[in-house]
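Trainee: What follows is the residue order along each chain.
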Amino acid sequence: MNFYDIIFYIFAAITILSALFVVTTKNIIYSAFYLLFTFFGVAGIYVLLGADFIAIAQIMVYVGGILILLLFGVMLTNKVTGVEIKSGTVQIMPAVIGTGIFMGAVVAAMFFTNWRSEPASLPAGTANELGHLLLNDYVLIFELLGILLLIALIGAASIARREKE
Amino acid sequence: MLTVGLNHFLVVSAVLFSLGLFGIVTRKNAVMVLMGIELVLNSANINFIAFSRFGNFGLSGQVMALFVIILAAAEAAIALAIVLNIYKTFANVNVDEIDHLKE
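Residue numbers (this note's numbering), protein chains in the order written: chain Y, 1 to 165; chain U, 166 to 268.
Rather than coming from a laboratory, the hints here were simulated on the basis of the structure.
No residue lacks a Cβ here, since even glycine has one placed at the ideal position from N, Cα and C.
Take the hints with a grain of salt, since some may be wrong.
Unchecked claim - Partial list, computed: chain U residues near chain Y (C-beta under 8 Å): (1) Phe174; (2) Ala209; (3) Asn221; (4) Ala241; (5) Tyr252; (6) Asp261.
Claimed, not checked - Pairs of lysine-lysine, DSS-like flavour, derived with a Cα cap of 25 Å: (7) Lys267(U) <-> Lys193(U); (8) Lys26(Y) <-> Lys193(U); (9) Lys26(Y) <-> Lys86(Y); (10) Lys253(U) <-> Lys86(Y); (11) Lys253(U) <-> Lys193(U); (12) Lys253(U) <-> Lys26(Y); (13) Lys267(U) <-> Lys253(U); (14) Lys86(Y) <-> Lys193(U).
Unchecked claim - Label pairs and their calculated CB-CB ranges: (15) Arg161(Y) <-> Asp264(U): 22 to 28 Å; (16) Ile10(Y) <-> His265(U): 32 to 38 Å; (17) Leu150(Y) <-> Gly170(U): 37 to 43 Å; (18) Lys26(Y) <-> Phe222(U): 39 to 45 Å; (19) Ile247(U) <-> Met60(Y): 22 to 28 Å; (20) Gln91(Y) <-> Gly223(U): 40 to 46 Å; (21) Asn27(Y) <-> Gly223(U): 41 to 47 Å.
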């Protein structure tokens, strides 16, 4: 076990434990805050995989954008009369059994498959290369995603602001 | 076995995917279902980046991960707008009580 492995296990533990709390805690606000730690853990795993730009994008978009949106969603859809904002659950036992079997199967498949692995040498930074790829090979998808984001934002604003007649 | 390789990243991603799936199928509150979806998207991203790192494919996997992040942002915005409308109509956002299309 070298230093890299120890860091990986720490980030994996943070990610999985906080994800477990996200799906099991009753209080929605606590869930949202555990989700913060999950996103940070995933960003750490991206850094360990040599994806520095994606890690920064993950923190900026997920933590700075999506998590805040989710918190707004929680606040706007509950009568904040008390401190406790709970979420009910349905069919715990079938879900535990079903997703448990699924998880066992997928984890076993992932772990015991002998993947052909030939790690490329890590570039010093990925932002330069990513920029070239985005504006050469993937430029059509890049432009389409820009239009999609614009449409999504206009759509979201118009759906959320519609007043009843 | 303890030295971290491709398998370990894939296992973390598989566990994260299962937890997200568990959140999606068990939670009543629509915002919590959205949190489960975010977990699932994150696990898919880990797979993309892990294969991009260990598969010697260049950085295409990271570009795909970037696209997934963008789509997740668009999806969260639209989904929360829909959730707000559901709240305006039904006065709660429990997905098991919104069944007016059933009969």
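Trainee: Please go over all the hints and tell whether each is borne out by the structure.
Mentor: Verification of the hints:
1. Phe174: holds (7 Å)
2. Ala209: violated (11 Å)
3. Asn221: holds (5 Å)
4. Ala241: holds (5 Å)
5. Tyr252: holds (4 Å)
6. Asp261: This interface hint holds because 6 Å falls under the 8 Å limit.
7. Lys267(U) <-> Lys193(U): holds (18 Å)
8. Lys26(Y) <-> Lys193(U): holds (11 Å)
9. Lys26(Y) <-> Lys86(Y): holds (5 Å)
10. Lys253(U) <-> Lys86(Y): Holds, at about 19 Å.
11. Lys253(U) <-> Lys193(U): Cα-Cα ~17 Å, so holds.
12. Lys253(U) <-> Lys26(Y): holds (24 Å)
13. Lys267(U) <-> Lys253(U): holds (20 Å)
14. Lys86(Y) <-> Lys193(U): holds (10 Å)
15. Arg161(Y) <-> Asp264(U): 22 to 28 Å: holds (26 Å)
16. Ile10(Y) <-> His265(U): 32 to 38 Å: About 48 Å separates the Cβ atoms of Ile10(Y) and His265(U), which means 32 to 38 Å is violated.
17. Leu150(Y) <-> Gly170(U): 37 to 43 Å: Hint holds: Cβ distance 41 Å, inside 37 to 43 Å.
18. Lys26(Y) <-> Phe222(U): 39 to 45 Å: holds (43 Å)
19. Ile247(U) <-> Met60(Y): 22 to 28 Å: Because 25 Å falls inside the window, the suggested range holds.
20. Gln91(Y) <-> Gly223(U): 40 to 46 Å: holds (44 Å)
21. Asn27(Y) <-> Gly223(U): 41 to 47 Å: holds (44 Å)
Against the hints set out earlier in the document, violations occur for numbers 2, 16.
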